[in-house]
Amino acid sequence: MAVTSREYRTLYDVQQLLKEFNVFVYVGKRLYDIELMAIELDHLYQAGVIDKQTYMKAKIVLRKEHREEQTRIKEGKEY
3 MAVTSREYRT LYDVQQLLKE FNVFVYVGKR LYDIELMAIE LDHLYQAGVI
53 DKQTYMKAKI VLRKEHREEQ TRIKEGKEY
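Read in order, the letters of the sequence shown are residues 3 to 81 in the numbering used here.
Misleading hints may appear alongside valid ones.
To be verified - In silico BS3-like links for lysine-lysine, alpha-carbon gap of 27 Å or less:
1. Lys66 <-> Lys54
2. Lys31 <-> Lys59
3. Lys61 <-> Lys21
4. Lys66 <-> Lys21
5. Lys21 <-> Lys31
6. Lys76 <-> Lys61
7. Lys59 <-> Lys21
8. Lys66 <-> Lys79
9. Lys21 <-> Lys54
10. Lys76 <-> Lys66
11. Lys79 <-> Lys61
12. Lys61 <-> Lys31
13. Lys31 <-> Lys76
14. Lys31 <-> Lys79
15. Lys66 <-> Lys31
Stated by the list, open to error - Cβ pair distances, simulated, as ranges:
16. Leu38 <-> Thr73: 16 to 26 Å
17. Asp15 <-> Gly50: 13 to 23 Å
18. Ala49 <-> Gly78: 37 to 47 Å
19. Phe23 <-> Gly78: 33 to 43 Å
20. Asp15 <-> Lys79: 14 to 24 Å
Rather than coming from a laboratory, the hints here were simulated on the basis of the structure. Ideal Cβ positions, reconstructed from N, Cα and C, are used throughout, including at glycine.
Please construct the entire structure, taking both the sequences and the accompanying hints into account.
Listed below in structure tokens is the structure:
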């Protein structure tokens, strides 16, 4: 039962995808949450439960969010 691709534009969209597989990520630091979500996404793709298009779209969102969060941290505007 592979999940087919939808639009993934925000971190929330990726969280909802993971939630479909009962994957809930909260480490307490946003940067670490994003990194763990990326690992969980890799596992779902490797297990064959999400298709390549879904994986790639979600991965792009996570990379963008990770880069933005690193910038916020460097500027002292960490969440």
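Hint check results:
Under the criterion of a C-alpha separation no larger than 27 Å, the hint pairing Lys66 with Lys54 is consistent with the structure, at around 18 Å. For the suggested pair Lys31 and Lys59, the alpha carbons sit about 23 Å apart, so the restraint of at most 27 Å is met. Taken as a hint, the Lys61 and Lys21 pair is honoured in the structure, with Cα atoms around 16 Å apart against an allowance of 27 Å. This hinted pair checks out: Lys66 and Lys21 have alpha carbons roughly 20 Å apart, not beyond 27 Å.
Between Lys21 and Lys31 the alpha-carbon distance is near 19 Å, which keeps this suggested pair within the 27 Å criterion. Taking the CA atoms of Lys76 and Lys61, the gap is near 23 Å; set against the 27 Å cutoff, the hint holds. Between the alpha carbons of Lys59 and Lys21 the distance comes to roughly 16 Å, so the proposed pair stays at or under 27 Å and holds. Distance restraint check for Lys66 and Lys79: the Cα-Cα separation of roughly 17 Å lies within the 27 Å cut-off, and the hinted pair is therefore satisfied.
Between Lys21 and Lys54 the CA atoms are separated by roughly 18 Å; this keeps the pair inside 27 Å, and the hint holds. Taking the CA atoms of Lys76 and Lys66, the gap is about 16 Å. The hint holds against a cut of 27 Å. A hinted pair counts as satisfied when its Cα atoms are at most 27 Å apart, and Lys79 with Lys61 qualifies at roughly 24 Å. Proposed proximity of Lys61 and Lys31 is supported: the alpha carbons are some 19 Å apart, at most 27 Å.
Taking the CA atoms of Lys31 and Lys76, the gap is near 15 Å; set against the 27 Å cutoff, the hint holds. Note on Lys31 and Lys79: the hinted pairing holds, with a Cα-Cα distance of about 13 Å set against a maximum of 27 Å. For a cut-off of 27 Å, the pair hint linking Lys66 to Lys31 stands: about 17 Å separates their Cα positions. Distance hint check: the CB atoms of Leu38 and Thr73 are about 20 Å apart, consistent with the given range 16 to 26 Å.
At roughly 21 Å, the beta carbons of Asp15 and Gly50 sit within the given window of 13 to 23 Å. In this structure, Ala49 and Gly78 meet the distance hint of 37 to 47 Å, their C-beta atoms being roughly 39 Å apart. Evaluation of the 33 to 43 Å hint for Phe23 and Gly78 yields a pass: the beta carbon distance comes to about 35 Å. Checked against the hint of 14 to 24 Å, the C-beta distance between Asp15 and Lys79 comes to roughly 23 Å, which is consistent with it.
Consistency note: the structure conflicts with none of the earlier hints.
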